[in-house]
Structures are given as C-alpha cells and as structure tokens.
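Residue numbers (this note's numbering), protein chains in the order written: chain A, 1 to 778; chain B, 1001 to 1161; chain C, 2001 to 2296.
What the hints contain is simulated information worked out from the structure, not anything from laboratory work. A quick note: this is a predicted structure, and the numbers were derived from the prediction, not measured. Each hint should be verified, as a subset may be incorrect.
[To be verified] Under 8 Å between C-beta atoms, here's a sample of chain A residues computed to sit facing chain C: (1) Arg113; (2) Arg304; (3) Leu563; (4) Asp565; (5) Thr645; (6) Thr708; (7) Ser710.
Just so it is clear, CB atoms sit at the ideal spot from N, CA and C, and this is done for glycine as well.
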Amino acid sequence: MVDHTFVGHSTPRIDGVEKITGAAPFTDDLDFGPDLLHAEVVASPHAHARILGIDTYLAEQVPGVVKVVTGKSFQSTFGLYLEDRHIFAQDRVRFVGEQVAAVIARTRTAAKRAARMVIVSYEVLPAVFDTDAALADGAVELHPDLADYGRVPWFHPRPGTNIAHWRKLRKGDVAAGLRDADLVLEDTYTVPRYAHAAIEPHAVVAELSVAGRLTVWSASQSPYTQRNLFAEALGLSHRDIRVVTPYVGGGFGGKAGVTMEIIGAALAMTVRGHPVKLHWSREQEFVNTYQRQGLRAHLTIGARRDGTITALQHTLHWDAGAYVEYGANVVNAAGISATGPYRIEHVQLDSLCVYTNLPPGGPYRGFGYSEFTFGLESHIDRLAHGLGIDPVEFRRRNAVVGGDELPYGAQMNPSGLLEAIDRAADAIDWGIEQPAPSPTVRVGKGIAAFWKAPAMPPNAGSAAFLKFNEDGSVNITVSGMEIGQGYLTAMAQIAAEVLSVPPDRIRVETPDTDRNAYEWQTVASHVTWGCGNAVLAAANQARDRILDTVHRALGHDVASLYLVDEQVRSTTDPDLALPLREFVVTGLEQPSDGTFKGGPVVASGSFMPEFTSTRSDPETGQGGKPNVHYTVGAAGLVLEVDVETGRIAVRTVALAVDAGTAINPVAIEGQIAGGVLQGLGTVLYEELRFDDGGRLLNPTLTDYKLPTASDIPDRVIPIIVEVDQPDGPFGARGVGEHTMIPIAPLVANAVEDAVGVRITSMPITAERLYLALTAEDG
Amino acid sequence: MGHAVALKVNGESWSLEVEPAELLLEVLRSRVGIKSPKPGCERGDCGSCTVLLDGRSVRSCLVLAVEVDGHELTTVEGLGIDGLTELQQRMVELSSFQCGYCAPGIVLTATELLAVNPRPERHEVQAAMSGNLCRCTGYAPIIDAVLTAAATAAATTAPEV
Amino acid sequence: MTISLDLAYHAPASLDETLEILSEQAGRTVLLAGGTDVVPSLRDDLISPNRIVDLKRVEGLGDLAVIDGALHVGCLVTFSDLIGSPAVHARLPVLAEMAGMVASVGIRNRATLVGNICSAVPSCDAGPLLLALGARVHLVSREGVRTVDVDDWFEGPRRTAIRSGEVVTHVTIPLPASGHGAAYARLSRTRGEDLAQACVAVVLEPGDRPRIAFGAVAPTPVRARRIEALLHAQGLDAGAIDAAVGLVAEEVAPITDVRATRRYRLAMCEVMLRRAVTAAAGRAAGDGPVHGTPLM
Ligand code: FES
Ligand code: FES
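Required output: the full structure, derived from the provided sequences and hints.
See the structure below:
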C-alpha cells in the first residue's frame, strides 16, 4: 500500500465544531422573516378511495388562511424512475395519509386549524395490503394507467396487474443445478416495513419570486435531482430553479429523490412572492415520505456434500406501496444481485415490484440488500448446518473473488471477501464456546457475509469546483450531501493529498445548485467513489495549473516539480520552495522582466462511469454492466438470550468491510458503529405496523422503538479490509450502507446457535422469540 | 391572551409576550432566535429539543413558554462562550457525531450528567443518555467522549500528590 | 406540531387562590405540574380544556419529607427529586428504583409522581408501586380536605377519584418497617427510554401480608390480592412462589396492543413476579440485588 499524507489517516470531521456548537444550520433553522407562510396538508383517511369532491369553503374562512390548494392546480405526473405520482391526489387516493389538499396560512396554528376544516368526500374502494392480495386474481388494480406512465428503459411493468416492475435474471439451468445437489433447502422469509427515522424530520421552504424564479431550501440528499423533477413537474426551466440544501439531519435514503419537497415547491407557485414552509411532524414523516419496503422472499438453494452451491432460486415479492417511482429501482437492484456474494452456476432471480395500498416504499440504507440478505444469509447458514459444514467454511468455499463471472455476465471487481470472513470470524473467537453467565441465559454466535453495489443509472455523474484563496486555503463546492457520513471531510482529504494542503485548510460546502457543480444524488454509497473522482480530477487540474505557472515563470521542467507542505518543490533544484499562498491567486513574478504569470487557480472536475450499461435481455437479465462494482464484507456476532423472557443482549459485533482504500478510517469506524446499531434496530425492535384498514399503528417514536444508548452491543469491532478499487479515488469504494446489511441474519443465525430456534420473519423481538421458544416446547 | 414572560437565556435577559399555547421550543427558535434545540418528535421521545432549565435538562417541546417566567435557560450556544467545553472538545476529537442533529441535546444532557456525577461509570452514561435518540452514531463515540471528558476533568482537578 | 387550542393560563401563588380559580364558573380546566403528559395531550387534541392552572408557583406543594412515619410527597415533587433524595434512598429505596425507570432524565426532571397517578394511564409506573406501598392521596377543595386510599384512586384509563374543583396536594407513603424488602420490575421493549409493557411492584414486610401490584396489564394498576394471601399463608419458599406464579392469570387482564400481546404480557407477569419476589426477599434478608439492577 502506498503511504499517503492525508488519505488513510483518521481525520477529525471538518464539520465537527459547527455541529458540536449547535451552529450547523438545518433547513428548519433558516429564517425567512415575517413574510413566511406556513402550509399544512390535508391527508386521506382511507387506504383506497375515489375522491368525490373537496369543499374548501370553511377552511378558507379561518382567519390567517391565505389559500387552499387542491390537485386541480397540479395535474402533471412525476417520478424518479417511473412517473406514477401526482403532487396532490387527483381522482383517487391510494394510501392513508396521502396528500389531497393543502392550506397555506400566516401561522402554523391557522394552517393546522383550517386543514381540519377542508371537507373531502370519498367513495371507499377495496384495498390490498400485502403482496399476496395484490397479486391474486381479480385483485383491485391500483394503477389502471400503468402502461402510460413514463419510465426508464430498464423497467418492465405488467399493465393490467399490480406489478410495476419485474426484474428477471436467468443463468444456467436451475432445475439441473438442484438435481445435482445433495441437499436442497426451500423456505420463505418475511421482512416488514421500516422507517428511516432520521432524527431531523423532512422540511422544505420554497419561494417563487415575483420575477418567476423558484428557490427551494430542503433537507435533501438529492438537490440536483430535485431541481430536475421540479422543472419537469412544474414546467420551469432548470436555469430558473435554485435548490439550497444546508446540513441534513440524517438521510439513510429517506431524504433521497423527492417526497414532500415537491408539495412545498408546488405551493410556492400559488403564492408568488412569499416563502412557504412545510414541516413534517414525526407522524407525517413516518407515513408520507418513503418507507422501507416489505419483502416476502421465497428461496431454494441446492448444494453438494463438498459444500459447493449448485443452484439458487430467489423469488422476491416487494410490498412497494401506493407509488413506486423510486422503490421500483430498489426492486431492480435486488433482482440483479440477490445471489449474495457467492459464485453460483445456476441462478434464477425474480424480483417483483408490487403495488399495495400502503405508504410509498423507497430506498433505505442497503437499497434492497438489507432486506433480501436476511433470508439469504439465514438460508446459507441452514444449508451449512444441513451439510454438516462449518458456516464460515461454507461461505469461504463459495465466496465470490475478483475476476469471477457475475450472474449477469460481467466480471467481479477485486474483492477482499475471504479476508473479511476470516477476520470477522477470528474477532468473535468463532468455534470457541463461551460460557453462559446465568442459568436462564444461552449464548450464541453468528456469521454472515454481504455485498452491495451502488444502484445508479448508467450515466450518474458527479462534478466539483475548486478554488484557491489568497492565504493558500482552498474552497471546494460539490453537490453531494453531508448527511452525516463524513463526506465533506473525505473530499477535503482527497484534495489535500493532491495539493498538500491539510484538510483543515480546506472548506467543502454543501449544495446550492446555483453555485455548486452537478451531482446526481447522495445515495448508493457512491459519493466517496464518484464525487471523490470528480474532486480528484479538480485537484489534479489545479495542481497542473500550479506547476504550469511555475514552469512558465521560472522555467523549471514540470516533470521535476511536486507539491509538499503547501509548497512547490523540485526534484532537481533543492533550493526551490515556493509557498502556494504566495502565488495561487496573485501569480508568480517572472524574474526577467517583472511581469506575472499564472492567475487565480480555479479548477473543476467531473466524473461519470463510462463503462456501465443497463441494456440487458428482459427475460434473462444477461448482458450489460448495470453495476460499477461491489463492496463486500462479513460480520460476526455474539449474543445472549434470556430464555425466560426472549430478551436478547448483544455482546460483540465484529464487522469487516472492504473499503478499497479507507480515505478516513475514523469515519468508516463511525459507519460501522452506526450501521450495526441501525441494523440491530430493525432486527430487535423496529417494525411499522398497520391496522386492517392500512392505518399506521405506531407513527411515533413512542411506539416505533429505536435503539437507545442502553441498547448498544458491549463491543463493536470495526475491521477495515483494503483491496484496492482500481478506478476509485486512491483506490477507495463506498461503505456507508453496507455496515447495516448483514445484521439481521447475523442475529437470526446467532439466535439459532443459542437456542436452536430458526426465526424466518423479522423482527426478532423479545416477544417474538419468547413465543417461538414456547411454541417449540409445546 | 398574551402573557408577559421574563427569562434569562444564556445569561441574557429577555422579556417576551407569549400565548399560553406556545411551546418553549417554538418560542426559543422563532422568537429568541436560538436554533440549537431542534424538533425531532415534539412529544418528548427523542431529546433533540433539550435545554437546561435552571441547570436541569428538560424537553422544550413539553414545556409551555409561559411556564418559564422568571427562570434561566441554557442552550448549547451558552456553553461555549469561551470556546468549546472539555466535553465538546472530546466530542470533536472523537468524531462523536455524524449528521449532528442530535448533538445539541446530547451535549446538554451529558453536561448535566457530568455536573451531577463527575465520574460516571459507562453504564451510568448509557442510562443518562438513553432518552436522547441518535440514529447515526451507534452512541459508542458519544459515550467514549463523555467518559474521556470526565477522566480528563478528574485528572486536571486532582490534588497534587 | 403546534397546539391549536385557545387557552387561558393561570399561575396562582397560593392554594386558596388556586381553589378560588377552580371554583369560578365551570370551565374545562387542566391542572399543570410537570406538563410531560398534559402538553402532548394538548398537542394531540386528547384533551381540550379552555384553561390551564399551573401549580408550580403555589407555596408548599414541592415538599418531600418524612413526617410521622410516612413519606410526604408534594404534588410538585419530580421523579428526579425522588432519585436525588437521601431520605428516599435510606428509607424507601424502591421508590427511587421505580423513579429511575421512568422515561428519561429530561422527563424525570419535570414529571411528577402525583402527576403520574393523576394522568392515570394504564402503563403508569408510580401506580403499582404506590398500591403496593399502601399510599394515600390527599386532596383539597373549597369544601375542605379529603384523603383517598390509593386502592380506591384509579377508576379506569385516565380516570381517577379526583372530583371537579379538587387539587391533589400530596401523597403520603407509610414507610415500611426496617428489614422490609421491596422490588419494582418492569418489562419494556428497549432497555432505554420506553413505556412499560407490564410491571410489578412487590413489598415484603416482616410478619406482615406481602403487598403486590401489577401495572399495564389491566385498565388500571391492580393489587394481586390472591397472590398476596397465598404468599402470606405459605411463605416465600420456592414452592409458594411457584404457586403464586400460577395465580397470575387470575389477577391480571392484559390486552393485546401495539406494545405487546396479551399472551406475552401474561407470561412476563409470571416471570416478573418470580424475579421481583425473589429480589425483594433477598433485599429483606440483606443480600438481594442492588436497587436499580434491572430484573428483566
Ligand atoms: S422534540 Fe422534544 S423530545 Fe423530541
Ligand atoms: S448524529 Fe445524526 S442523529 Fe445523532
């Protein structure tokens, strides 16, 4: 490994002081003066109904009300990958909580009061709340116009059904592969819906100036994508829309794409000259942003006695909700990669995006992989046990390695999976039994492997602007979002490495689309890689300009010049030591005649993966190169089960992830500690629960239980594996989502090890486990 | 009907006229201009709106602004007047926060803990922090910073031997 | 989300003034102490009073003291006050044990013991313990003072024996004899801040009938009188505890809701009872778990 000065060294976050002092601004913190208007949404109480009429008269009489807006004013559709949404419901509502109208008022209180006085009459329609019901013959059709919706070319909807997209993958001959197996195991795994529950709720402020320019301040992972969707849905030119995104108080996919922000932008169009604010309450946040989609996965895997997996058949039914404009791409990503990180000869994947009358599903840390890995890695463990092979050994034997052919024909990137498996297993003393601390407690260990690729359109681009200042410090603007992952610091480190300017002398700013260069979105754990490449290109360009200036002013050969300690030095002239601050803005004086060379050093960089393609056969998924690369890893866990109560205490989690090159190790350790606990939340406590009318039963943090500081494992052991990603900045690839992916099956596997019970549906709450334990007895 | 409320915020005196239904959280953010207490749940579950009321942590979403007449409030803006506190410094060094939305509430809750219990055990830190939700960090770097700050403070105040 | 009610606010300085306001033309009044239940109820439109009477300026309502062999807990005494009180730690440590499990520090700094039994939600933590301790609720109105045995206090979810025009000034908790043992056990989904899915309080006094009460498993906190009688008759050996556990299903009537199923609550009441009785007996004998050690 190359030794770097800044890259690879743990660097305190460059936004640390701002955050610790409460100075970091979030969207709701911005002030807009007394002219600010407040909006409140009128939501559907029904899961599926026809709107017969909306009477806004009473609401309009409430003092302070400025305007009541309904779907009549906005009839165009929008969507990231599939245009199946309207800004407000038109003739139908499709989930409890869907926006039907909105009130704009002078105060929040007036808006809230008036929203209750909008009278909407409905004709209730039959509704479907799970994939089985939605796929049944004669099921009510949620989107009769499905065939007409605009969509990306790699989506394959089935008009006339509730299937919005069906991703198929066929490799080899699964039937033959299963015949060839000594053990075939088949089962179904279910995963409920989850909430991102970022602590900052969604908020948006939008203003259409009298001159027709729309500015939107939003808590978003996707400012440029928002701008694009606003332009399309509202009929404005991109040039006239400005999206400003201050710090984001947690995203996890929930603030990707566009959800409630488009309501704010649309409302602003109706009250020209006034800023309008829409701020979701926690209850609205849970119902009307994205939820993580529910999954019912049917798995059949066959393996030979020697431990070779011969065939895998994975059928995934996704409860994607009422609108799937983003969620359908989660389904797509899973449909390409639901083999997990294994080399398997015969594969059949069917990933179905199913409309239901529940809130819209969408991306959540792991983008489908967290969901399907629960069943997959549970199943792998059971197969190993069935064959009498150690689960670690079984995974090693089938693990994908660099250069392997992937299920869709492309080649696997360099991968440290084997190292990750070994190190995770070692860290939890795999194979060594641990004594139970008390007679009612059983100890168990689990292991799981994972992989994930960024799911992006083939032409997702990133760009960066960089400029030097008079004191030699640097400003960089990018449009990736700092959502907590430490992205700004990583970008600073990448530029620092090239320019020899320490990260604390570099300010990297979050987006204002007027000022900052393009970024597709901050999702898919791709910004370290994609935007990192753009920043690297910008920094290289700036360095080239600096060296060229020195060459032109002083005559040194460019090849002999290099940057170190914020100076230009030369390999041939030991006396040359030009501090950057002396000339990066004001230029270098030419000794011969007193003229100056150079000028303010500014640079830009842009990046697009020029090797990806989504062109594949819809029936087999063969062809194309849909994924830029996979990040792989493995994790081990030790837990204790109190068999009298079913309560689980997690003692140790060791998680190894192949970061390619760790740009900022402390940030990766942070992603591991945070991702592990978020994963533990989904498997031990959390679950969105609905009544039989599709109403969310636990829309608050009182009853949607997040893990607290008292619920953390005794020890989380971060393990960073580094097998270079050749096309990554300094060899880096993303790790942000991955740390959550293996956690659910890890717990399920350890639970079985501890108490001999296999749980196939999440979450494994104390109650669920207790009931399973006692069912076993009886 | 408006009520006159006199209070101190970070040592500064304020006189405000508030409606009984106004929450302290709303008044601090929109009338006093103090933005560090953040809405996260507005029903007492998350702790992101935490402020110190006469030195004790309370949830400003559960307090009516009229109730604080005559009282003193401290927010995170009022802690670091002379730079960062010991605790804040440790938190920056250990990258205790990611998105930072929970940070103001957690800093105040931890500040109160160290005032009441200067040498807490790890489990005491966990218990004290367990009403402040953080979705990003897994809490470990926060707990470590609190313990490190306590240890440093103890080392610097320990009598010479 | 903001409160959208029109409210009048009073902050009387004395009890007389308070009662005066309460007796004025019938308004829909809500009494405010810590506000941790009142404020979210206002926000969610669970209650719609037209005036709030804030008790925090009334002299004397924050007293916490041992008077005549009983702990006097004024209606403004917070859970944090209980946790921080040397008298409570010395004489009634189980009260601090219970208080330490309520919500979070930020809530406990504000929420009061009396407020907890006045809002009277089925999952209230103070209810079962006060039942097991035989506490008395003291009320005052223009008609005079009145005392209600806590056994007669809870009438249903969010319903108590308080009458219009009355204020609960304090509760008194008779201090158990030295050599007593008590325990409060609580089941919750996470180990951090959470509401009780079910809870039990056990108080064992030498020579006296044990007192046991459950919470969150019936519309109100409930005394487990058959279990008390059985343990009183048979003692606290393993066989007696087994028999007591066998009676749990007769004592409680849990429901299934979003927090737990009936079946799990019932089963966990049995586990909690066993663990809490064992802990209390251990404490009485001087070798039980330290107060505050989670039993679940
Ligand atoms: S906003 Fe006050 S506790 Fe969550
Ligand atoms: S750092 Fe994001 S919620 Fe704590």
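So, going through the hints one by one against the coordinates:
1. With 8 Å as the threshold, the beta carbon of Arg113 (chain A) comes within range of chain C, its nearest partner Cβ sitting at about 5 Å, so the hint holds.
2. For Arg304 (chain A), the suggested interface contact is broken, since its CB lies about 42 Å from the closest CB of chain C, more than 8 Å.
3. The closest approach between the C-beta of Leu563 (chain A) and any C-beta of chain C is roughly 49 Å, which is over the 8 Å cut-off, so the hint fails.
4. About 48 Å separates the beta-carbon of Asp565 (chain A) from the nearest beta-carbon of chain C, more than 8 Å, and the hint is not met.
5. A cut of 8 Å between beta carbons decides the hint on Thr645 (chain A): the least distance to chain C is about 6 Å, and the hint holds.
6. Hint status for Thr708 (chain A) relative to chain C: holds, with the closest Cβ pair at about 2 Å, below 8 Å.
7. Proximity of Ser710 (chain A) to chain C holds as hinted, the smallest CB-CB distance being about 4 Å (cut-off 8 Å).
Hint compliance for this structure: hints 2, 3, 4 are broken, all remaining hints hold.
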